[in-house]
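Engineer: These protein sequences, in sequence, are chains A and B.
Each step along the first sequence adds one to the number in the working numbering, with nothing skipped, and position 214 is 214.
Each step along the second sequence adds one to the number in the working numbering, with nothing skipped, and position 214 is 214.
Honestly, the hints are just simulated from the structure, not real lab data.
Each residue gets a CB set at the ideal place from its N, CA and C atoms; glycine is no exception.
You may find that some hints are simply not true.
What the hints assert, rightly or not - Computed list of lysine to aspartate or glutamate pairs in EDC-like fashion (alpha-carbon distance at most 16 Å, straight line):
1) 143(B) / 441(A)
2) 204(B) / 114(A)
3) 143(B) / 444(A)
4) 204(B) / 116(A)
5) 143(B) / 447(A)
6) 197(B) / 116(A)
7) 204(B) / 241(B)
As the list claims (entries may be wrong) - Interface residues of chain A toward chain B, partial, derived using beta-carbon atoms under 8 Å:
8) 194
9) 201
10) 202
11) 207
12) 230
13) 423
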Amino acid sequence: MSLLMPLPEQAIMARREELLARLRAILPAGNVIADETARRAYECDALVMYRALPLVVALPETVAQVSAIMALAQEMNVKVVPRGAGTSLSGGALPLEDGILLGMAKFNRILEVDFENRCARVQPGVQNLAISKAVEYAGFYYAPDPSSQIACTIGGNVGENAGGVHCLKYGLTTNNILGLEMVLMGGEVLRLGGKHLDSELYDLMGLMTGSEGLLGVVTEVTVRLLQKPVSARGLLLAFPTVEAGARCVGAIIARGIIPGGLEMMDAATIGAVENFQPCGYPLDAGAIVIVELDGTPAEVDHLVAVVEEIARAEGATETRVSQSEAERLRFWAGRKNAFPAVSCIGPDYLCMDGTIPRGRLPEVLTRMDGLAKLHGLRVANVFHAGDGNLHPLILYDASKEGDIERAEKLGADILRLCVEVGGVLTGEHGVGVEKRDLMGEMFDETDLAQQQRVKCAFDPQHRLNPGKVFPTLHRCAELGIMHVQSGKLPFPELPRF
Amino acid sequence: MPLTPRDEADVTEAIRAALAEDAPLSIEGHGSKSALGRATRRERVLSLAALTGVTLYEPQELVLTARAGTPLREIVALLDAQNQQLAFEPMDHAALLGGARGDATIGGVIAVNASGPRRIKAGAARDHLLGFRSVTGRGEIVKSGGRVMKNVTGYDLSKLVAGSYGTLAALTELTLKVLPKAETEETLLLSDLGAEKGLAALRKASGSPYEVSSLAYDPQGDAAALRLEGPQISVTTRRDDLTRFLADFDGATSILAADESRAFWTRIRDAEPIAGEGVIWRVSLAPTDGFAFVERLRGAGAPIVAHVYDWAGGLVWLRLETVADAHATAIRAIVDALGGHATLIRAAADIRARVDVFHPQPSALASLTRRVKEAFDPRFILERGRLRAEF
Ligand SMILES: Cc1cc2nc3c(=O)[nH]c(=O)nc-3n(C[C@H](O)[C@H](O)[C@H](O)COP(=O)(O)OP(=O)(O)OC[C@H]3O[C@@H](n4cnc5c(N)ncnc54)[C@H](O)[C@@H]3O)c2cc1C
Ligand SMILES: Cc1cc2nc3c(=O)[nH]c(=O)nc-3n(C[C@H](O)[C@H](O)[C@H](O)COP(=O)(O)OP(=O)(O)OC[C@H]3O[C@@H](n4cnc5c(N)ncnc54)[C@H](O)[C@@H]3O)c2cc1C
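Bound-form chain B, shown alone (with noise of 0.2 Å):
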């Protein structure tokens, strides 16, 4: 049975119950993530997902804020009814992970640091995050930022507690800067260059004044997708001035329609192309060296399954066929001879518990950041040994 509190105090009093009794607790929102990260033994849980409701949505400011167990489906409804959004695309895991769609909390998402497509032009979630409110592992709570666009005063905790997978505290409150959606989408997709071609397109054309918004590469269709948005206006005379742009690279042509547009990305942003049995990761990467990554990898000898491009080929999505290290050692060779990292995303408990899930640090900054989660949760109540066996 997880501990649910109904308010701030509540999860205040858990977290000092847990400390006195040495008893490490797990966060979760709706749990829709359990499976990610380092394998846990999750024997007391933290839930927030009594922490619900919207409590202050100003669409002219344009700013929100929600305690931290409020589903995301019901933010996202209701920036829609103001045409609105969450311009980091929050991803939905249910095409990897399995759970029904539209489960995650805005508490999940953020401190899963989760961002789509539109990350290489409107930032990632940690960038909309402008302040919040929580309960750290000392049993205190802490508040940091606020709720306007521009603060420096003091040090920006946001940064640090989004994509802290819940390590840090326990998330009780969380302000966001929301913004406008465009009007208009189309997607302009160039077929049957092969990947190095279709990648070294996406690179031009983000190095283009045409504002394209998410740029992929699915081998699967060999297309090359670019996505426009904008006032209908703009966007038609960017798709043509954007299709002489590139008219060099001699694809083939063609155009997705603003529905056809947004069921494309959210087949790109949910990572549907590489969906299946197997292991999964996620590389972050120089676009430029995408697509060498993938090709080392084969070289190496890695059974890869499927993989798509995302961020101009910045991003790799890859699943592989399941051996005892989940080709940790393969993967993590060639991305830190090029510069990045990789994160398994899905395999078996055996395995995350006995290869790294996140990338392995050097040393000096592998000291930093324990002593970083050691200042918020100096007695690893929270979330202990989910992204280090250490801490």
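Isolated chain A, as found in the complex (with noise of 0.2 Å):
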């Protein structure tokens, strides 16, 4: 792998016989894995192309074992990956092998729904998918739904701020949670918002979301719930080219509209799909836009009638509208299945998240066609088009020599072209060890000692999952960081009003 991460500490290495005593002290026999083969199982997450065997895992199951992992973990000085479910595509939950692998699997529980105040409070190993499931008899659900929500954890969505298809119009994990408790390196517990809305004072909660894990370990969510809309239509909309469909799309929200959903496909990807497990999209459309309308029916038949139009003048060749559920989900089964079909029509796929200005779709899809032709490599792309969100999946054989740092060179490439149209590298993945030394592409020098500086505040000693989002690991001493020794201020004699 090409990737550089700080060198294991030796001096922590040595000392793993009294780490493993210390953490057996705290755990029950079973969750404290130190055994090679059993530590394997952690090697890497869902971006497989890196890997590390973790010093040791450790598996918690109340706070106060988390709470007392961390002060040992900081009295000991050594490093701490939190861990979810391990979906993560951009390296997130990457273990250090001189660190402690702390997986939340074991928080599992939904401690409480409370329909009245529309939120559930749950142990953040819990599956997304598994809040929606335990309210929805109550015609209830929890809006972020990332694609790989039968698998991801709430505690690693807010480390990674997760989306999915809904986001549009009911926001990421950011706007859908009211509360955090948390544990600091150091052990203190801490605990943010409630069933109220809104901090004071600074907004960490807000700050916690995305920080992949760099700034504390999560323990608990306050998730907000939703009331299921009424009724949900979907529309299949093909059009001739992806720049048809992108005008489409910017033709819609135009109108006012903000869909429940709104995906767009090109014809790679539509091939692969029809392939993998057909659900009738059309073979020879350059592009198709999956859009989903939600609400009263009396509401959605007015939208979808206005959509079919706006599809209509944009030279749609084809308009579909559900008829039924069934039909609605058909629509969603091939963008569902998007990346496994993809990856029957190529060994491997690198699975890119940039996120550019909705407008300058076109044109970066054919750069980004040039690119890839400049690579010799081939792209497929699925997006979220109502927000701009790109996931082109790139197209390689690792058997193949040099595929592998073609394809990251690429994607690099990639990526610098979403940041010059004026977007960003990342929309819902992170930037974890994958895009960390591209971070200089969109921030310079001083706002990147700014963003370090705050974690200096979570974590001074950088013992938790350092080496991960920035690309060079100050000390807080040299960002400038003033500590002030038990409570005294700087500047005593200043009067303070």
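Both chains are sitting in their own frames, so use the hints and assemble them into the complex.
Structural biologist: Structure below.
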């Protein structure tokens, strides 16, 4: 692998036995995994290119145990990598050879469902979809719906600020949580927010969301619940070109309509999907757009007609409107299968994740095509079209000499292109180790130093998930962090009012 | 005389000069909120009022970028022309704090994380801030976020600066998510239920599928109000469905048509029902606790003059008779027992110097909060003492 992680610290490796013994004093016997074969199960997340064997895997079951582990790690100067289900696509949960892998899978209980306040308190290891399943009998659901929702955990969703098809209308994780309980490096337990809205002073819950496990370990999440819309209908719109599809998406939004879902696929992906598990997508289309409209039946019928009219005006070659729930789900089936389908047309693929201003889509696609040719590879595209979040799938063959490197280079070029047109390096998968070295494309030294100072406020020794997100680690002292000892103020002589 | 930088470079220079002299700076937009927060000695004022202008507005992309001193009024007018809006409904403070209506800057709005009745559906100001440029208390230009809707590149510092009251950085430019305006709106009023039942009706409606965008109860008129927004056909059918859904409550129903509805929610947004003499508090709680909070406060003998519930009971605005501690002890004890936070919005400067304006935090959280402040502003140059006496 081409990736550089900080070299394991020998001083820590040398104290492994002591660490194991002290972890065993905190946790029940089976919850400290020291055996090499068992540790292998944790050596990577969904970014399988990068692997490392953790020093030890710890599986706490209570907040007190998490707190004790963190305090121990701080004391022994050991690194900690939090992990949910390990579905991160950016290597956020990649273990460290000199670090504890803190698996949160045993935090798997829904603690409270409170319909009157429209929220639920859940432990971080609960799967995203399990929350919706637990409340669906009363007509409720949890809105953010990453495609990985049957596997990924709510703690990992907070770590990555995960989103899905619904997020154009209903927001990302950050817009759908009300409270967090977390443990800092050192063991302090904090509660942020609760069942009420908005915090006072600094919004640390907002900061925690998407912080990729670098600031604290989430031990409880209070999520907002929404009532399911009364009805939903889908439209399957076919266009001769991706450009025409993109124009249609713009026109829908310009008309003031924010659909519940708005996704697009290019010809390569359509072909792959139909090949994998046919669901009736038109094979001659240059692009298809799937629109979902939800609300009361009267509203949905009205909007369906408006969207159909817009699509025709933008040159749709075919417009289908779902006439039943089964048909709506069929429209989605292909989109939901897009990733596995693509993996059938090439042995391997690298899933990129950049966001661009939607209006630049045609230009970006053309240039992306050029870049792919330059590197001698193919790209298939599925996008969250409504919000400009692209997932180009770079097809390669790991068994071919140099293909991995080519794929990585093409990926980096695509992300640079996203930034160049006013977009960002990652829309939902996080920076992790994958895009770490590209952070300089978006931020200058001062911006990055300020972000790292925020890290210092939480974790001055950089023990929590180091090597992720930031290209180089600075010591907090180099960043000019001033520490206030035992509550003494700087400038005690100055008047305070 | 405030310092009035013309551009970001000037802002940087002003903050560096303040650092060199160790002379704290107060930041203001139009200064309409100077009476808000802890009372501080405003020796040197850095006004962002001259940093004006919308630098980017792409209605199709739902995005707008403006310099921090741009008047809110100007942004609202620009959005209006495209049938768009700031969906978080920033409040106008004039009814509570005096001054001219509409006199706020977009920087000030974001710096206080101001959000109105639609908060429960559309999110707070912080949810609409996509990115920003700023000058920190270190005198460094720092940007974060971007202009696209989905972005998890680096820490989400937008969340930190929204609601930071100018204590971390002087915001110089903001990029906001804007949304289409609804085609129309209507408000369903359920009257004569009393507060407890009225609030229960609101909570039931908030868990309904009818997408009620705002839910308030005004004890003055004994009315539970439910706002529906969207295309006319949708509003009409949802209103009928909702009326049936709430039939058990047996309230007297009436409808406010679009114009009346808008006027009604502006009044709630601006907390007009509680305007008048006395001290003013804003309390955020779980919706089920709103009523209990007011009852317990009455039980504790606090002289409530007026109050109104927004956010289905989750937000309580109160006006009480003035006393030395502004009733902070009583209010905070109840809020602590229930979970939530209480902010002293208006009281004389001597009171605001004595009692915590913002809700006290447990010690681990308080020290983390302070370390975050230090990460941006280690010498406490910006708005020293505004949030907490110690920074
Ligand atoms: C097939 C597939 C489809 C996907 N689709 C989407 C999608 O549509 N949208 C999307 O947003 N993502 C998607 N993802 C990415 C991934 O599923 C999400 O990022 C998810 O949120 C990760 O959750 P996890 O539980 O697997 O976390 P992990 O991978 O275990 O961890 C993710 C990050 O969070 C941190 N973390 C985990 N738990 C905690 C905790 N308790 N406290 C603090 N930090 C913690 C980790 O250190 C790591 O940095 C997809 C992944 C796959 C494999
Ligand atoms: C106590 C109080 C509570 C309020 N609560 C709400 C509410 O819950 N919902 C609501 O909708 N509205 C609320 N408002 C109204 C809201 O404050 C105003 O709409 C807005 O802040 C006025 O802008 P301004 O330019 O006059 O701000 P100013 O009074 O000039 O400044 C307000 C605060 O923001 C800071 N600030 C201003 N500009 C910048 C900048 N460019 N960079 C960094 N910091 C800056 C200042 O330092 C100060 O702390 C509240 C007002 C008050 C007084």
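Engineer: Indicate, hint by hint, whether the structure satisfies it.
Structural biologist: These are the hints, each one checked on the structure:
| no. | hint | in the structure |
| --- | --- | --- |
| 1 | 143(B) / 441(A) | holds (13 Å) |
| 2 | 204(B) / 114(A) | holds (12 Å) |
| 3 | 143(B) / 444(A) | holds (9 Å) |
| 4 | 204(B) / 116(A) | holds (7 Å) |
| 5 | 143(B) / 447(A) | holds (6 Å) |
| 6 | 197(B) / 116(A) | holds (14 Å) |
| 7 | 204(B) / 241(B) | holds (13 Å) |
| 8 | 194 | holds (5 Å) |
| 9 | 201 | holds (5 Å) |
| 10 | 202 | holds (5 Å) |
| 11 | 207 | holds (5 Å) |
| 12 | 230 | holds (5 Å) |
| 13 | 423 | holds (5 Å) |
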